[in-house]
Amino acid sequence: MILAFESSCDETAVAILAPPRQLRASLVASQHEIHIPFGGVVPELAARRHMEVIVPLYQDALVEAGITLDDVTGIAATCKPGLIGALLVGLSFAKSLAMGRNLPFIGVNHIEGHLNAVHLEHDDVPYPHLGVVVSGGHTEFYIVKGFADYQLLGATRDDAAGEAFDKVAKLLNLGYPGGPIVDKRAALGNPKAIRFSLPKMSESSKFGIGKYDVSFSGLKTAVALWVKQNDITDQPLSADTINDLVASFQYTAVEILMRSVSQIVTDHNLPAVVVSGGVAANSALRKAMTDWGIQHNVRTYFPSMKLCVDNAAMIAYVGSQYLARGVTSNWDLNATASGAVGILT
Amino acid sequence: MILFFDTSTPNGILALGQQDRCITFSHWKAEHSHSQLLPPYIDTALQELPNGISELTHITVGIGPGSFTGLRVALATAKGLAIARNIPLVAIPSPTVFATLCQATTDYAACCLDAFRGEIYLGIYKMQSGIPVLQNDIASLTPKVAAMQIAALNGSITVTGTGYDRYRDQFPSSVIPGNTHYDKAAAVSILKFATQSIQNNKTHQPAELHPYYVRDAEAVEKQKR
Chain A
42 MILAFESSCD ETAVAILAPP RQLRASLVAS QHEIHIPFGG VVPELAARRH MEVIVPLYQD
102 ALVEAGITLD DVTGIAATCK PGLIGALLVG LSFAKSLAMG RNLPFIGVNH IEGHLNAVHL
162 EHDDVPYPHL GVVVSGGHTE FYIVKGFADY QLLGATRDDA AGEAFDKVAK LLNLGYPGGP
222 IVDKRAALGN PKAIRFSLPK MSESSKFGIG KYDVSFSGLK TAVALWVKQN DITDQPLSAD
282 TINDLVASFQ YTAVEILMRS VSQIVTDHNL PAVVVSGGVA ANSALRKAMT DWGIQHNVRT
342 YFPSMKLCVD NAAMIAYVGS QYLARGVTSN WDLNATASGA VGILT
Chain B
19 MILFFDTSTP NGILALGQQD RCITFSHWKA EHSHSQLLPP YIDTALQELP NGISELTHIT
79 VGIGPGSFTG LRVALATAKG LAIARNIPLV AIPSPTVFAT LCQATTDYAA CCLDAFRGEI
139 YLGIYKMQSG IPVLQNDIAS LTPKVAAMQI AALNGSITVT GTGYDRYRDQ FPSSVIPGNT
199 HYDKAAAVSI LKFATQSIQN NKTHQPAELH PYYVRDAEAV EKQKR
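For the protein sequence lines, the chains are A and B, in the order given. Following our numbering, the numbering of the first sequence begins with 42 at its first residue and continues without gaps. Following our numbering, the numbering of the second sequence begins with 19 at its first residue and continues without gaps.
Don't read these hints as lab results, they were simulated from the structure. Computed from a predicted model, the values in this text were never measured in an experiment. Treat each hint with caution, since some may be false.
Claimed, not checked - With a straight-line cut-off of 20 Å between C-alpha atoms, the simulated SDA-like cross-links for lysine to any residue are:
1) K208/A with S147/B
2) K242/B with E74/A
3) K47/B with N375/A
4) K220/B with Q121/B
5) K240/B with H76/A
6) K144/B with N154/B
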């Protein structure tokens, strides 16, 4: 039985997995309420909250799984990328728990967790496939050739997709977190009411393959400019106009993602696309991706909603795979804010 | 057998023993990497025990105030070990930890830890049988106010800590500088403090013990202003 911890941002999560994919417990303690007054995640408050809840959540997970620590054979924890103070809570707790029981320990890359979450629910995902990670902190495209074999092809050059959703929601005073709110309001609006252009990407990028990169900062600025031009003090935007605005923003954001997905799949002749991360819960993205897949005979996979958001089940899965291959981390493993997938120590 | 550690400042410290017997102690400098250094130091220390980790009966941990991240590394590590071994925790305020560096025969000992943002955490102690006994409520103060409180004490005083090191020129010239290096005498003093706490039933279950931050997060302080 693998025990796993995730604390990279504003969700504390504990999971217990009977490998390969029998999830005995997967608990998530969200901190959204704490960060709402600040309009975004406050790293110090996130770390404090992780510290408060990690032991009770761990205890609840054991109860839910109907096991004791004696039944645990290995421990995993997210070690990167993320907020350092937040990561350190889960990582330090997990390492000492493993040390105290002389259990094997493995640090897991959060992105690698997202790339593999799909395997907890599907055993037919073909390799190679395109792995798309879209969340509040990440927007990356990988060719996944097998477990622990990833090739980064493109990423956002500025804001992550989810970050753009949050910022647009904040601009319009719609609340936090912005993703689900924009999704809900967009469903009530006309996605073609306002025409926002797609960004023009130069060929050069830090990853060397500029044509697959994406950018959301121009779109975000275009929304802000539109609001400035149309939000007159004595005539504030109507609810219908805001619905149209966020629907148009969301439509364009999805178009930006789909453009890269389409290019990569075509160029590399990939049979399947796996989309994961918090933004994978977005209904417009799911529909666009599914429709596109049917049209182009490409299989599309989305983990269920509970596996799209940050969770420890995906960390348990990746941890179990590495431990089964005899890969472990040393006690001096540290948390890092960034880091490529597949590199563990 | 008691395992103690504190990572509230860049100076990480560890001791293993009980009562007035210190089996091993270590210290290290770590600006940002206690998480990297603490577990290997623990692992190495435990190798001194013939029966290893199974001999541990208590984990004693510096709970702060100090570096917010450092406190959480120590507390999370302590909780994990305590749960794994099913043993209780003993809390020790971090200024008390460093007050053990003041073993001189003065009337008082004071520990001033750098709290950043132009402040220090001040703990004032009387040493009783080699154990620091706290005389004030630990608070975050400007160096000037801390120096005034120290100057107002009626008796001789030894001062130590990262805050004293940083703001030494603001303290009365009459104070005696304490040791700057963690040594076996300080480790024994901490283990005696822990032993006394255990004898007085001042132990905690892992879910009960939290960092002693003293200050709110900066974002909350800004919001209050």
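Quickly compare the C-alpha distance for K240/B and H76/A to 20 Å and report which way the hint goes.
-> Roughly 14 Å between the alpha carbons, so the hint for K240/B and H76/A holds.
Between K208/A and S147/B, is the straight-line Cα distance small enough, at 20 Å or below?
-> 59 Å, violated
Is K220/B within 20 Å of Q121/B, Cα to Cα?
-> Violated - the C-alpha atoms of Q121/B and K220/B are around 24 Å apart, more than 20 Å.
Would you mind confirming whether the straight-line C-alpha gap from K144/B to N154/B stays at or under 20 Å?
-> 10 Å, holds
Straight-line Cα separation of K242/B and E74/A no greater than 20 Å?
-> 18 Å, holds
Does N375/A lie within 20 Å of K47/B when you go C-alpha to C-alpha?
-> 16 Å, holds
Checked against the numbered hints listed earlier, the structure breaks hints 1 and 4; every other hint is satisfied.
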